[in-house]
Structures are given as C-alpha cells and as structure tokens.
Amino acid sequence: MSEYMTIDGIPVEINGEKNVLELIRKVGIELPTFCYHSELSIYGACRMCMVENERGGLEAACSTPPRAGMNIRTNTERLRRYRKTILELLLANHCRDCTTCENNGSCKLQSLARRFHIDGVRFPDGERIKHAKDESSLSITCDASKCILCGDCVRMCNEIQNVGAIDFAHRGSKMLISTAFGVPMAESPCVGCGQCAAVCPTGAIVVKNNIAEVWKALDDPTVKTTVQIAPAVRVAVGKELGIGDGENALGKIIAALRRMGFDEVYDTSTGADLTVLEETEEFLHRIENGEKLPLITSCCPAWINYCEKKHPDLLKNVSTCRSPMQMLASLLREQSKLSSRRMYHVAVMPCTAKKFEAARDEFKNDGMPNVDAVLTTQELIRMIRESGIVFNELEPEAVDMPFGSVSGAGIIFGVTGGVTEAVLRRVVSDKSRTGLLSLARMGQRGSSGVKEFTVPYGDRELKIAVVSGLANAESVLKRVNNGEHFDLIEVMACPGGCVAGGGQPFVPVERRAKRSEGLYTADRVSSIRRSEENPLMFSLYNGILKGRVHELLHVDYCKGGEN
Amino acid sequence: MHKMNANFDYAEVERILSAHAYDPHAIISILQEIQEIYRYLPRGVFPYIADKLRVSEARIYSVATFYENFSLEPKGRYVIKVCDGTACHVRGSIPILERLRSELGLSEEKKTTDDLNFTLETVSCLGACGLAPVLTVNDVVHPAMTPDKASQLIKQIKEEIAND
Chain Y
102 MSEYMTIDGI PVEINGEKNV LELIRKVGIE LPTFCYHSEL SIYGACRMCM
152 VENERGGLEA ACSTPPRAGM NIRTNTERLR RYRKTILELL LANHCRDCTT
202 CENNGSCKLQ SLARRFHIDG VRFPDGERIK HAKDESSLSI TCDASKCILC
252 GDCVRMCNEI QNVGAIDFAH RGSKMLISTA FGVPMAESPC VGCGQCAAVC
302 PTGAIVVKNN IAEVWKALDD PTVKTTVQIA PAVRVAVGKE LGIGDGENAL
352 GKIIAALRRM GFDEVYDTST GADLTVLEET EEFLHRIENG EKLPLITSCC
402 PAWINYCEKK HPDLLKNVST CRSPMQMLAS LLREQSKLSS RRMYHVAVMP
452 CTAKKFEAAR DEFKNDGMPN VDAVLTTQEL IRMIRESGIV FNELEPEAVD
502 MPFGSVSGAG IIFGVTGGVT EAVLRRVVSD KSRTGLLSLA RMGQRGSSGV
552 KEFTVPYGDR ELKIAVVSGL ANAESVLKRV NNGEHFDLIE VMACPGGCVA
602 GGGQPFVPVE RRAKRSEGLY TADRVSSIRR SEENPLMFSL YNGILKGRVH
652 ELLHVDYCKG GEN
Chain S
496 MHKMNANFDY AEVERILSAH AYDPHAIISI LQEIQEIYRY LPRGVFPYIA
546 DKLRVSEARI YSVATFYENF SLEPKGRYVI KVCDGTACHV RGSIPILERL
596 RSELGLSEEK KTTDDLNFTL ETVSCLGACG LAPVLTVNDV VHPAMTPDKA
646 SQLIKQIKEE IAND
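Protein sequences, first through last, are from chains Y and S.
Counting in my numbering, the first sequence runs from 102 upward without gaps.
Counting in my numbering, the second sequence runs from 496 upward without gaps.
Next up, chain Y with everything else stripped away, as it sits in the complex (with noise of 0.2 Å):
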C-alpha cells in the first residue's frame, strides 16, 4: 500500500523521501533554501524551508520525516512573513554591496530577497565587525562579511572532503567561519578544491579572480597568447550561457575564445591521451615488478595536495605523470621556444585546485610558470559575458595544429571513472567495437562516490577503486592502509569528478548526470577512442618528447615533499 501525504492540497506519494523538502521540491515548489544540499547532513539552521502543518504549526521541512496523513502548506501568509522577516535579519548583518560583489547575479541571498520582494530592511545596520578578506589562498577567496553561517562551507569540507580546514569559531554576534587559530587559508589544510566556494549562498567564499592578468596578457601585442581547455568545460557553460547544461559547447568555446584574442587554442583532452599512454605503461611496469601498488591516479590537484598533507607515506604510489594540463603546458612550452615572442598560456579548467598547481615550483621552468594563468569555467563565462559575446550565436570552431587531435578517451577524463576507463582500453587486449563496449559495463561508470571492481588481465585480475570525494578517498585509503590490495585508484577530490569541480557554475547534485553524460557523448561520438590511436601521439613520441618523456611528462611530487 503506498502511502500519502497532502503537499499545498495535492496528495502526494511518499516514496522514501528523506524528508519533507525532497518531497515538496518533487511535486514542483520550489521551496527556499540556504543550508541544505541533499548530499550533506541536515542541519536545520537557516528556517527558510519551514512549513504550516494541518494544526497551524510550524516544521522545517528539512529536518521533518514525511508520514503518511500529514498535510502541509507551503506558502501561507504566516511562512512569507516569516521568510521575509529571516531575510531581513540575515540582510541587516551583510554586506550588501551587490553590484560590487564577486558572486553579483549567482548569490542565493541576492536571489531569495529578490523573490521575496525585500523593498527594505526594518533593522538598523548596527555595529557590523568588520572583517578583512582572506587572499591568502591561490583558490578561494573568503569575505566573512558576507557570510550568513549557514555552515554549508563547514559541513562540505569535513564530511564530503574530510579536510575539516574550517569550522565555526567564537559564538552568538561574534561567530564566524574560521580556519583554527584564524590562521591564513593558505597555512591551513585547504586542498584548494573550492568545494566551499561551490555550496556557498552568498559571495562568503567565491573563487579566486584572476581575469585582471589574463585580459593584460590578451592586450599585449608582444606576447603569443595560448590556451588549453579542460574536458569538463565544455559541458559546463551551457546552462549560463544560454544554450543547455550539459550540452557540448566546446566549439563555441573555441570560437569565443579566438574572438578575444586567443592566438592558439587547445583542447586539454590531448594532455590526458598522453596522460594515458605515460600512466598504462607505469601501471603495467608497476605490476609486472609487483611494486609500489596501489598505482593512484595523478591528475587531480586538490588530490594531491590531500595525500601531500594528509598521507605523506602514499605520494610513492601516486603515479609520476604530470597532469593532462601539465603535460600539454610543457609540451606547448617546449614548442614556443622555437619562435621568437613570448607565449603567455592560459588554461580553462573546471578546477580551483588547478591554480595552485600552476604555481608549484615543479612545473616552471627558470622561475616561470609553464602555465601563466589558470581560470575557472566561471572565469570563463565571465569574460565571454565581458566581451559583448553572444555565445549562443556563435559559430563553432576546431582547435588548432599541431596539437589538434584528441581521443574520446581524453575527453572522459572529466568525469569520474573517466581516467580509469581510458587507461583500461589502453591495457585490454581485446580492441573490438565490443570490448570498448563491454569496458563501458565494468563498474566505473556513474556517480556512485565509490566503485570497485575487477577486470581479467593475463591470468589475474585487477583490482580498481573509483573514488571522488576526499572523504570516500580516505575511507579506501584507510583500507589500503590495512593491508588490503588494490591494483589502481582513481582518485578526484570533487564528487562526481570534474564536472562537479570547484570552478565550475555550481549545479545541485541531482543534476549533475548530465554533464557526465555530455562527456560521453561526446566520446561516443569521437572518431578516436582510444589514446593510442591518436595519431598525434606517434608523432609526439618521436618528435619532441624522443628521449625527454621523463623530463616533460612526469614530475615527482615525492622530492617535492622533502625539500
């Protein structure tokens, strides 16, 4: 027998929703919110979704189980007073420089007043303590001025990433979200995987700008301006910019880009296919030596700063490869000492992380950064939307030579499971149109936090983990540490991979399948789906990586670790 509840006098199915706001959010209301995301625990803070049950009171529909027979109203005269009174309060201990603020037309405080028509707030201004802005971090940038304490940042960082680098500090007026002792970001254990700056409502924690450089750089006529475009990216703009979330907008991007001046486009998806063909052969040295197993994967840079800070003792069994950003940076370097301006290069990436890996001394060479500047899908947007762009009237373009070619299994390295996928085509013998399929049904697909599975390799099987998000990298870190055997790791700090990165326009989790499907597709689609049949990689091989592979495609963050 089902069992139903009354939703605004529309009988409902109760269907094993946690609550009742999954519920209302179901039937088509959108209730609000600021402290609730499905994927972190309740915490019941902000009052904004409460409800009018059938004897005049008052629940919050977060933290309110459904049961059969109740009946609820979402919109009352009662709860918009009340909305509109929270509002108010939380209003008049803000910051309310809108128009100057980073996240001006993405904030949820900004929306929220809007729809409930907030024409002025009753409360005096009062004595604001003024907060200085924390620039410390070459990710995020965080205004406690503008937080609201909803505590989403806090609950993200420790229970999604268990890297708990903050927390609420002090009580009542004096409260604020705070690394221990007030430390700098920069000096806390933040990976940098923006995770926070992606959940927070308001512009608290935003991501850091750095389109000031890139437009500089844009401007100069002495200077050759390159960029490279991570996998993630291409499905990510859509929805902001009037075409749909999801969809693949990489030529437009292409185009877009070129129109602002861009000298040389790329697509990062070449770095990963010879992140592909470097980190197979290390897999397959590893196990056939039977040494420093676990191989886990390399790309992320949030990852890495995790296992540097958290997990010393494993950076051996992190695979040397450079990341894809990293190795197309280094071979684009490589190439422009051939001409004679100066290349300034610019990666878009889904990723917060990614700008403090530019800035590791690892990747420059004689003081200077193989990658210049790194901007965030958000940056992007933002500096299309700058241009006077109309993207979605844009014609789509192709990247450019040499370095044009990429394979489907480049381009799914943006979603999780992603780099496993590529690497496994690369390591199964069989290479029929059927194996690529049946690889597809090994388990390490989907959005599931961990996956694990075997595939037949020689006479063994291998044992590959799948994890994203730092919490679920810990828990089977945990189990490598105890002695259980795992072959590969896949390893991406955000959940769901990088199409759910820090840097990206944030999507709740439900929707995120269709970005990765987008990458799929796209794969799907290709000419080339395996790395190693692209054919620039041969080229490469015996070009300008002959007998420099270690030099420009690997790093060895180890060393790094130790000085």
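Since the hints were derived computationally from the structure, they do not count as laboratory data.
It is possible that some hints are incorrect.
[What the hints assert, rightly or not] Computed footprint of chain S on chain Y; a stretch qualifies when at least three of its residues, placed anywhere within it, have a C-beta under 8 Å from a C-beta of chain S:
(1) 269-277
(2) 281-294
[Stated by the list, open to error] Here are the simulated DMTMM-like pairs of lysine to aspartate or glutamate, each with C-alpha atoms no more than 20 Å apart in a straight line:
(3) S:K547 <-> Y:E575
(4) Y:K579 <-> Y:D244
(5) Y:K532 <-> Y:D560
(6) S:K653 <-> S:E616
(7) Y:K465 <-> Y:E652
(8) Y:K417 <-> Y:E389
(9) Y:K119 <-> Y:E160
(10) Y:K231 <-> S:E604
(11) S:K547 <-> Y:D414
(12) S:K547 <-> Y:E260
(13) Y:K275 <-> S:E604
(14) Y:K275 <-> S:E563
(15) Y:K411 <-> S:D546
(16) Y:K340 <-> Y:E487
(17) Y:K417 <-> Y:D560
(18) S:K576 <-> S:D609
(19) Y:K532 <-> Y:E382
(20) Y:K410 <-> S:D546
(21) Y:K579 <-> S:D546
(22) Y:K234 <-> Y:D244
(23) Y:K119 <-> Y:E153
(24) Y:K579 <-> S:D518
(25) Y:K417 <-> Y:E260
(26) Y:K275 <-> Y:D226
(27) Y:K275 <-> S:E616
(28) Y:K275 <-> S:D610
(29) Y:K325 <-> Y:E153
(30) Y:K185 <-> Y:E131
(31) Y:K275 <-> S:D609
Virtual Cβ for every residue (Gly too), placed ideally from N, Cα, C.
Fit chain S to the given chain Y structure using the hints.
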C-alpha cells in the same frame, strides 16, 4: 598548518586523552582537563589532540572558542572572577571591578598582568546571589565584597607572592 611544538611535553595531554579512550565526543572534558593543568589551552596541544581524536584542528578551535570558560591566552597564578550577574550588579559589582582593574593595571581588553600573577575576569553568575556582590580567587568564594575589601585582598595576595 600549525606544527606541533617539539619542546612541549605531551605526556600529560596523552594521559588525559587515553583516559578518555581518544573519544572525539569527549572534546569538552578533554579540554577542561588540559586547561586544569596549564590554566589555559596552549596552542601546541591543538594539532596533537586533533591528530589523536581524528577531528580537525578547526573543530577543536571551534569548541575552545565557543565556551567562555576556555582560554587561549595564558592565565595568571591567581584568577579573580568578579560576578556581574543581576544581583551582584545591582549591589555594586562594577565599582569593585574598576578598583581591581586600577590596582592591577588591567582593562577589559587586557585581562592578565604581564608578570602572569593575576587574571581578572567577569562572570555572569556564580550562583551565590545571596552573598552578593561576590568574587572568587582561584575558585575560593569571597562574599559581600566592597572596593576596599577588594584592595585589601590584592594586597594580601601580593604579600603571599612576595613570600613565596
């Protein structure tokens, strides 16, 4: 990240942690016991407890700053708490507080003397309203205080310190 202090003796902290079976739910009790030893919470213990309890240092800092009773600053040998609850307040706790501040050269911001002999704090209620106005010195209750009696008390303590 704030590193652990190599010169700090963690044996006492370790004893307290193990007595609580390294239970992260016991953060408050653990901090209380640590504070009992050092009269405040030395910064160096934070990364140590965080590591042993497997919670973040930021979380422990959160607990330590939430409760008024925890101090992150070193406290004096003699901790004087002047009650400023309603009963004590109406019976004149403020003049007592002011006298103590001027005698000790302290203020609302500066709570501990440079020689680390005295710490002067206010508390909201000691639950001894019948004895108002009241203050405590290292948890010993002094009832029905006046500014003059407070001055006398300080003089006495200073003599004790001198004779030590």
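Hint check:
1. Counting residues of the stretch 269-277 of chain Y whose beta carbon lies closer than 8 Å to any beta carbon of chain S gives 4, which meets the minimum of three for the stated coverage.
2. A stretch counts as covered by a chain when three or more of its residues have a beta carbon under 8 Å from one of that chain; for the stretch 281-294 of chain Y and chain S the count is 6, and the coverage holds.
3. A C-alpha spacing of about 16 Å is found between K547 of chain S and E575 of chain Y, which places the hinted pair at or below 20 Å, so the restraint holds.
4. Of the pairs offered as hints, the one joining K579 of chain Y and D244 of chain Y is violated, with about 35 Å between alpha carbons and a cut-off of 20 Å exceeded.
5. Among the hinted pairs, K532 of chain Y with D560 of chain Y is consistent with the structure: their alpha-carbon atoms are about 18 Å apart, no more than 20 Å.
6. Between K653 of chain S and E616 of chain S the alpha-carbon distance is near 18 Å, which keeps this suggested pair within the 20 Å criterion.
7. Under the criterion of a C-alpha separation no larger than 20 Å, the hint pairing K465 of chain Y with E652 of chain Y is consistent with the structure, at around 12 Å.
8. A threshold of 20 Å between alpha carbons decides the hint, and for K417 of chain Y with E389 of chain Y the separation of about 17 Å falls inside it, so the pair holds.
9. Distance check on the hinted pair: K119 of chain Y and E160 of chain Y sit about 15 Å apart at the alpha-carbon level, within 20 Å; holds.
10. With a CA separation close to 18 Å, the supplied pair K231 of chain Y and E604 of chain S stays within the 20 Å bound.
11. A C-alpha spacing of about 18 Å is found between K547 of chain S and D414 of chain Y, which places the hinted pair at or below 20 Å, so the restraint holds.
12. Only pairs whose Cα atoms come within 20 Å are accepted, and K547 of chain S paired with E260 of chain Y is accepted, the gap being roughly 18 Å.
13. Under the criterion of a C-alpha separation no larger than 20 Å, the hint pairing K275 of chain Y with E604 of chain S is consistent with the structure, at around 15 Å.
14. A threshold of 20 Å between alpha carbons decides the hint, and for K275 of chain Y with E563 of chain S the separation of about 12 Å falls inside it, so the pair holds.
15. At most 20 Å may separate the alpha-carbon atoms for a hinted pair to count; K411 of chain Y and D546 of chain S meet this at roughly 10 Å.
16. Proximity of K340 of chain Y to E487 of chain Y is assessed by CA-CA distance (about 17 Å); at most 20 Å being required, the pair is judged to hold.
17. Restraint check for K417 of chain Y and D560 of chain Y: not satisfied, since their Cα atoms lie roughly 27 Å apart, outside the 20 Å limit.
18. For the given pair, K576 of chain S sits about 18 Å from D609 of chain S by alpha-carbon distance, which is consistent with the 20 Å threshold.
19. For the hint pairing K532 of chain Y with E382 of chain Y, the CA-to-CA distance comes to about 17 Å; that is within 20 Å, so the pair holds.
20. Restraint check for K410 of chain Y and D546 of chain S: satisfied, since their Cα atoms lie roughly 12 Å apart, inside the 20 Å limit.
21. Of the pairs offered as hints, the one joining K579 of chain Y and D546 of chain S holds, with about 15 Å between alpha carbons and a cut-off of 20 Å not exceeded.
22. For the hint linking K234 of chain Y to D244 of chain Y, the alpha-carbon distance of about 5 Å falls within 20 Å, and the restraint holds.
23. Using a Cα cut-off of 20 Å, the hinted pair K119 of chain Y and E153 of chain Y holds, with the two alpha carbons roughly 18 Å apart.
24. About 19 Å separates the Cα atoms of K579 of chain Y and D518 of chain S, which keeps this hinted pair within 20 Å; it holds.
25. As the CA atoms of K417 of chain Y and E260 of chain Y are separated by approximately 27 Å, the hinted pair breaks the 20 Å bound.
26. With a C-alpha separation of about 15 Å, the suggested pair K275 of chain Y and D226 of chain Y falls inside the 20 Å cut-off, and the hint holds.
27. A C-alpha spacing of about 19 Å is found between K275 of chain Y and E616 of chain S, which places the hinted pair at or below 20 Å, so the restraint holds.
28. This hinted pair does not check out: K275 of chain Y and D610 of chain S have alpha carbons roughly 29 Å apart, beyond 20 Å.
29. The straight-line distance between the Cα atoms of K325 of chain Y and E153 of chain Y is roughly 62 Å, outside the 20 Å bound, and the hint therefore fails.
30. A C-alpha spacing of about 16 Å is found between K185 of chain Y and E131 of chain Y, which places the hinted pair at or below 20 Å, so the restraint holds.
31. Between K275 of chain Y and D609 of chain S the alpha-carbon distance is near 27 Å, which puts this suggested pair outside the 20 Å criterion.
When held up to the earlier numbered hints, the structure conflicts with 4, 17, 25, 28, 29 and 31 and fits the remainder.
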